[in-house]
Structure formats: C-alpha cells, structure tokens
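> Chains as they are written, first to last, in the working numbering: chain A, 1 to 294; chain B, 1 to 322; chain C, 1 to 402.
Hint data in this document are derived by calculation from the structure and do not stem from the laboratory.
One or more of the hints may lead you astray.
Stated by the list, open to error - Calculated cross-link-like contacts (lysine-lysine; reagent style DSSO-like; alpha-carbon spacing at most 27 angstroms): (1) C/K207 <-> C/K180; (2) C/K70 <-> C/K180; (3) A/K265 <-> B/K189; (4) A/K265 <-> C/K180; (5) C/K136 <-> C/K207; (6) C/K333 <-> A/K265.
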Amino acid sequence: MPDITLSALAAQLFTGLVLGGILVLLAIGLSLIFGLMTVVNFAHGSFFMLGAYVGFFVLGYTNSFWVALVVAPLVVGGFGLLVERFLIRRLYGRGPDDALLLTFGLSLVLIEAVKLVVGKLGLTLDPPAALAGAVDLGFMMFPAYRLFVLAVTAVVLLGLWLFLEKTNIGLVVRAGSRDALMVRALGIDLGRVWFLIFGLGIAMAGLAGILAGPLRGVYAEMGIEIIIEAFVVVVVGGMGSLPGAIVAGLLIGQVISLTTFFAPKLAEIVVFVVMAVVLLTRPSGLLGEAGLAE
Amino acid sequence: MSRGPLAPVAGWIAAHPVVSIVAVFALLPFVVPYTSLATQILVYGLFALGFNLLYGYTGLLSFGHAAYWGLGAYGAGIVLAKLGWTSLWGALAAGMLTAGLGGALVGFLALRRRGIYFAMLTLAFAQLFYFIAFHLADLTGGDDGLRGIPQLPLGLFGLSIPLQTPLAFHYFALAWAAVAVAGLQRVLKSPFGAVLAAIRENRDRASACGYNVNRARLLSFVFSAIITGLAGSLDALRLNVVPVEALFWSTSGQVVMMTLLGGAGTFFGPFVGAATFLVLADRLSLVMADSWPIVIGSVFVVFVLFLPRGIWGTLTGGFHGR
Amino acid sequence: MDRRTFLHSTTAAVAILGFPSILRAQGGPLKIGFPLPLTGPFAAIAADQRRGAELAMEELNAKGGVLGRKVEVLFRDDELKPAVGAQRTKELIENQHVDFVVGGLAAHVQMAINEQTKRAGKLFISISQSDEISAKPDTSPITFHEALNPTITGRAVGGWGVQNLGKKWWMVYADYAWGKQNNAVFTEVVKKAGGTVLGSTPYPLGKPEFSAHIPRIQAARPEVLMAATPGADGVAFMKQAISFGMKKEMKILVPLHFLFAAKEGGAELFADVYGGTNFYWEVSETVPQAKRFVDAFTKKFGMPPDGYAGYGYSGIHEVARGVTLAKSTDSAKVADALRKNATYDHYKGKQYWRGCDNKAFQDLWLVKGRSQAKGEWGFFEVAGKVAADEKLERTCAEKGHV
C-alpha cells in the first residue's frame, strides 16, 4: 500500500478525471446511437482508431494539431454517415443481433484495412508544442496535454447539452429515444435524425481517438480494449441515458485510477465487478430507463 | 415463411439429428485437408450448439459463453495435469460438472436482468473467471496456459483404446458429440422444450400461462453450460493445453459469430457456422497470410446484409429476413 | 503435381475446401513449419523473424539444399494465440507433413506449439523469450530454445546496469508471466550486487496508464528505472515518462530493445534508454559473421535485420545443420546430432547448445537509444557486450533436469 498523502490522493482523482474524459466521449456516442436507434455499435472502437489515424495524416499534411483536431472528427463522422446510409440503414426493422454482427464484422474490416493501407507498425502522434510541458497545479505537476483533453471534453459536453436541450433536432432526439413510434406518428422523419445522430456519435468517437493518440500511441488495435470499457460505462450508466453515460464515465475513470494506484492487480477486473454490482442492484443501470434495452 | 432449396433435407435432418451428425462428421476427415480440422469443426460446432440452446432456442444472448467452455477445459485439464487422474471419463465428467456449476451460478445471478443487461452480466462473470484463471497460476498455469495434459487412452469395457492418431481422437470426440446432440434433441422435444419455445416467443405470455419462466431459463442455461463445457473439455484433450484466452471475451465473440453465421434457431446451423469460420480461417491464412482477417470481416458484413438467417438458415428456410 | 501448384491453380472456392493430399512426391522438399504472429500487435517483429528465415532458406537452396533436397519453409499465422498456434502446427504436421518446426513469438504460444510437436515427435526450435520452454515439465529431448529468456536477459542487462548505471532501482512491469519474471530476476540481480530496489509498479498488461504512478516514482528518486513494458505499452510508457520529465532525473532501462519500436515511436522516444538485445545490426562493424549476415539481409530486403530476424535465420540454419550431421530427417537423430556437435555460428559469433536442456547460449549486447538516428535505422549505439555465460541462466538442476 503506497503512502497516502492528501496531495497523492488529489493527484489520483485528477488523473481519473482525464481517464474518464475519453471514456465519456466514447460512451456518449455509443449511448446516443443505442438510445435512439437500438443499434449496438461494435465498430465504435474502430472509428476511435480511425480518428487517431486520420489525425496523424492531417497533422502531417497541415503541420497543425489544431486543424487535425477539427478535421479528424469531421472526416470520421462523415465516414460514419456513409456507413449508416449504406450498411446500417438496411438493418432497421430486423432484430438487434444483425446490427451487432454487422458492426462486429465491420470493425474487423476497418482494423485490417488500416493495417493494409498504412502498415503494421504503429504511428506517433505528437501533441502541439504549446501543450507539451507540465503545469504546476500546486499538489502535483500535471501534463498540460491531459488538462487540454479534460477541457475539450467539457466543451464538447456543453455543446452537446446545448444541442439537445435548446435545438429542435435535439428535442426530436430526446423524444425519439423515449418513444420512436410516437414521434413518427407525429409525422417527423426519424430516419434523417438517425442518420445525423449516427454521424455525430461516430464523430465523437473520432475526436476521442485523436485526443487519445498522443497519450498512448496510434496503432490499429487501440480501439479494442477501450471499447469494452466504453460498453461497461454505457451499461452502468444505463443504455440510452446521456447523463448516465457521463456519470458512469467519470465514476469508472475514478475507479480505474484509484484501483491502479492502491491495488494494481485488481485494475483489470474492477470495472466488471462495478458493472456487475450496479446491474444486480439497479435493473437498468444508474440512470437508465426500464424497458429500453429489451 | 418461404422454403429454401434444402428445406426437405432440413426436415429430415431435424428429425434425425444424431444420425446426421454422425454421418457427416464420420466422413468429414476425408473431405477436408486434414483430420484435425474436422475435429476442430466438431468441437467448436458443439460449443456453438451449446450456446445456441440458450440463444436460438431460449432467446437469451450471452456475451460470456466462453466461461463454460473454459471451465470445462480447465476442469478436465486440471484433474489430468495437476491431480494425476488417469481416466478420460473422469476428466470429461469433471469438466462438465465444473461448467454446469458455473452456469448455475452465473445463470442464477444474471437472469435477474433482461436484454443487453443480461448479456453484459454474463460478460462480467466470464471476465471474472478469466481474471481468476490468469492469477491462480499455480493451479491453472496462469497466462502461460495449462500444460502437461497427458495423452491418455480410453478405458472402455476393460479395453484400453489408444487415441494417439488424429482419426482415433476424432471418432472419440464424435461419439461424445453424438451423445450431446441426442441429449439436446430429447430436451427440445420434451414438454420442457415446448416451454422454452413459448418463452422465446413471448416471455410475458408464457409467464401469464403459468409457466415458471425463471426456472425454465435457468435450466436451459445450465444445460447450455454443460454442453459447452463438454466441448471445452474435448478441446483441452485435443490440444493438450488450456490457454487462458479460452475464457476471454474474444472467445465468447467467436462463438456468437459462428452461430449467427450458420443460423441461430436451427439445429445444424452452429456446425455449419463453425465449419465456415474455421475452414475460411485455415485456408485463407495460407494464401493471404497477413490480410485474411479482412476477408472474414467482409464475409460477415455481406452475410448480415444479404443472408440474415445465416447459411443454414437461408438454405433451409428461405432468403427473406425474419 | 505437388500441393502448392494444385492449390494455386484452382478457384478460390475449391481451394477453400481443399482435398486430402493423396499424392506426395518421394524425396521431395525438406519442409520446415514456421508458425508466427503475422497478424496482431507483434506483426512487425514476426515479419522480421520471417525475413530471417527466408534469407536462410534462400542461402541453403543456393548451395543445393540439404541432403540434396530443397528447403521449404511454410509460414503460418498463429495470431499470437496458443489455440491457433496449436491448430496451425497440427495443420503443418498432418497436412503438410513437415519434418521440423521453427518459430513462435510469445511464451504461451510457443508452449502450445511445443505440445503439438512433442506429441508428433517433431523437432521444435523455439525462437523467442520463455523461461519455461527449456525446463521440465514443458521441455523434451526434441525441444530446442534458440532465443534468450527473461532469466538470461535479466541477469545480463541487470548485472550490467547495476555496475554501470546506478544502485537504486525502481521496477515497472506488466503483470503477466514475462513481466513478473523480469521483475523477479532484475530484483534478485540488483540486490545481489548490493543495490536496492526502492519500489515496484506492476500494471495490467495492455493498460499503460502511468500518470498515477509517475509522481510517486519521481519522489523516490531512483537512479535507474527498469520498464518491462512490452510492445505498445512500452511506447505509451515512454511517452508518459517523457511528458513528466523522467528522463532528466534517472536512467531508464528496458530488458529488450526492438528496432521497430524505435522506428514507430521515433528516435526521441527511446533516446538515452538502455536495453538488451540478442543482435543489433551495427555490431557488423566488429563481428565478421555479423557483417556477412547484415550485408546479405540488407541486400535482399533493403533494411537491416533486428534481433528476431537473427533468431529466425539461425533456427532454420540449425535445422539444416542438424539434418546434414545426422544424415537423416528423423527428429530424434537430428536432436542428438545437434547436442553432439553443439557449437555453431550463423550470424553473430559462437553459440552453443547446453546438453541438459537444449538451451542456446550466446552473446548479447547492451544498446542505448540515440537522440537522433544515424541514417534510417541507426536508432541505437552499442554500449556494452555480455558474453555467453551459463551463470546467467538457471542451472540444469534448477530447471528440473537431473
């Protein structure tokens, strides 16, 4: 057991926030897509990976991380739109398993295609020089780039909240999550909303990818592990619940961070234990709604 | 529901599953390039069969079925490698028992929830078993896998039948698979099987009719785990190792893929799916050594889009989706 | 018509089903099966192993083959998974009728392959790190281990490190067999040399999140940090260490350096990081056999070999040498021939097999990352050499051999 000083603990909690940030970005996309379209998107991790790769190439082309940060999610989101239009859309009306299998196969194809095109070696994505150092927070020196990731996550979440609460489309999304039949009965074309939301969710995955690139390196399998954690976050928060995804993401980030510090052996399994405990005590996750995921 | 080209054949096969399985797999070693491939198809097909009892016949999607495959493998492997047992019967029994107990435990807890939550709970428990196997290295070999599983002969009616050659082992595995298939057929044809069908179609209605839905589902879960455990035990004997990945979610994902590829809700579908997946993996990696996964992934995408009932499901039941 | 031609000349659909091999040419090629993870996270290192094997095969055939027979190396993807490795080995043995197997990357896969080769009575030369494969109960008279293992690497690199870099250490290691073995060996070596281990940080393999731990490590002020962080974890660890400024505060040491990790991460990532390796191409400047190997390899592939190419190369050549000595392809006879004529030198200097456990003893080098690569591949500079020494390995008795 390492010595627990107040500053060490505070450092821990702060690190967990950053971990949670990436998870939240991923989980929100997953939750949006599931909540609205009942599609379990196993390819989400691959879009995360694509965000990092696209970011690498845009960075190489324009020499600006900021440009890459904006362009990568757009490109990946655009690709997501294509996937929705030509693949996912064909599956509406079928059972939930078909989307599962399709997105699973798609994720395999994407990972292998990237390796074929770019090569088997991973790539290095460097943060911009302005964010390369560490910031003195008083209780610890914290890498500036990680603070930046936190900031971006907060901004994106704020933007998303504004979108959902203050715009008409956002209203339709929220209503459609609750009762798709009713919304259609009101004459609203949900298909177009689904199209956009899928793209938005994928774009968020791409953003998470380019943000994560400098933290761990860019390689084709980078989405596989993290997507399991993202699924756990979504389920713990409650499928289809955005506030749930945020709460669960931050919670799981802390859990992982604290366990890695105090009991590293357990870090792998603690996420699943938390999920099992939550699910066994609350039928639809922390903030989920009953009946949504059957 | 439209009829596919092989519908009459499917009808006969469904009525005589044991004969069909024995006939096909008795001949398969001579059709595929090498015997061990046929045995691999048999064993994974059995795995998928066990999974499909829960998924196709009871309507419950489990993301953690590797747990029972792995428990079966470790159960059989540990008694042979670490406890020094010398009976294959004992090893298989130990494997099936371990898997069945695991199924009872997980089923009891996970069945409290529905849909995706149920699925994620099964995944959580499978990962828990993986974690335990990974860290209890003295018992399980840890991440290096359980090695030292001996090549034992089969003791039958006082005779000692050697299983050294691939073909001999294949027929040994086939005998057990036939027993499992016979058992499954019994279960599905029984009143209990009818209850499962009712639950799959409409759970609430079945409950309203007075059936004990939870008990039926739990029983189905345990049967499924036992069949899956048998498959895992056979694989431990086949490979003489139990890799810890046997319990990992990637293995759970594989059996889901095989079942969906072949066609859930059909008796033979799991075997067809296993055969397709494994033969593709085996042969493609010869000609496209480092890019074959892209073909497999594309095949899945194509299948889901155009053959949603899986290969066998489409051949026997028509091309249209559900 | 042999199998290869048949497969290539039929359509993909038929090729997928395949047909049993009824015809088998008499006195045909000498087939060596080579399972390796062509797909998956270590594909780059596997590609290196493959190149080494291909060069060896080409050289042997240019001299007329072995016992007058052409050498054919059959590569199969084991996906870094033991079950797949076992299945591919079965395919090689049953379908391709290989006489020998060389290969494997990662201990758990090698041991699964080994179970199959033992079962079929085929000689297996395993070519990557594993402590167990040359020890009882896994080993066998036909199991040979060409590569270094955590014990040898740890004692060599750790021994050198505690003499040359510092006496106060901190260990960071992935919580699985290889990582734990390295931690144990390095700890033992440091303590024996009178150093201290200030602390250790195990972490779950594949989850390289160190920002929680790094401040603590820095606070303890170690002189040397040992990082047993394989593959992508290693790249992630280095990035995080750099971002916290650790390189300025302590020396960082890894058990093994790989050219491909340096290429992927960039020279700055591994700059000033020390590590061990069974072979680095710049030693061709001092070792004549290495020069021959590096020149031939670079000529064929346009890039220099890294350590694992050397293993693949040496493994194939050892099979050939054993067959030539034994004048037979019987695995038991070849194994005896190799033990009786235990010394060999294919690419870097003298190596030899130890009789009790078929373990290869060989020189290894300490290399240090340059802040700027010299040319396209000069990522490291040689910092030291550790000669082959049985004291670096467990004794025969310790490994269960009587």
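> Below or equal to 27 angstroms on CA atoms is what counts here, so check A/K265 against C/K180.
Judged against 27 angstroms, a Cα distance of about 12 angstroms means the pair holds.
> Just to be careful, I want the Cα atoms of A/K265 and B/K189 compared with a cutoff of 27 angstroms; is the pair within it?
47 angstroms, violated
> CA of C/K136 to CA of C/K207, is that 27 angstroms or under?
32 angstroms, violated
> Sort out whether C/K180 lies within 27 angstroms of C/K207, counting only the CA atoms.
Holds, because 16 angstroms separates the two Cα atoms, which is no more than 27 angstroms.
> Starting from C/K333, check that the Cα of A/K265 is at most 27 angstroms away, please.
46 angstroms, violated
> Does the alpha-carbon distance linking C/K70 and C/K180 stay inside the 27 angstroms limit?
Since the Cα atoms of C/K70 and C/K180 sit roughly 43 angstroms apart, the hinted pair is violated (cutoff 27 angstroms).
Comparing the model with each numbered hint stated earlier shows that hints 2, 3, 5, 6 do not hold.
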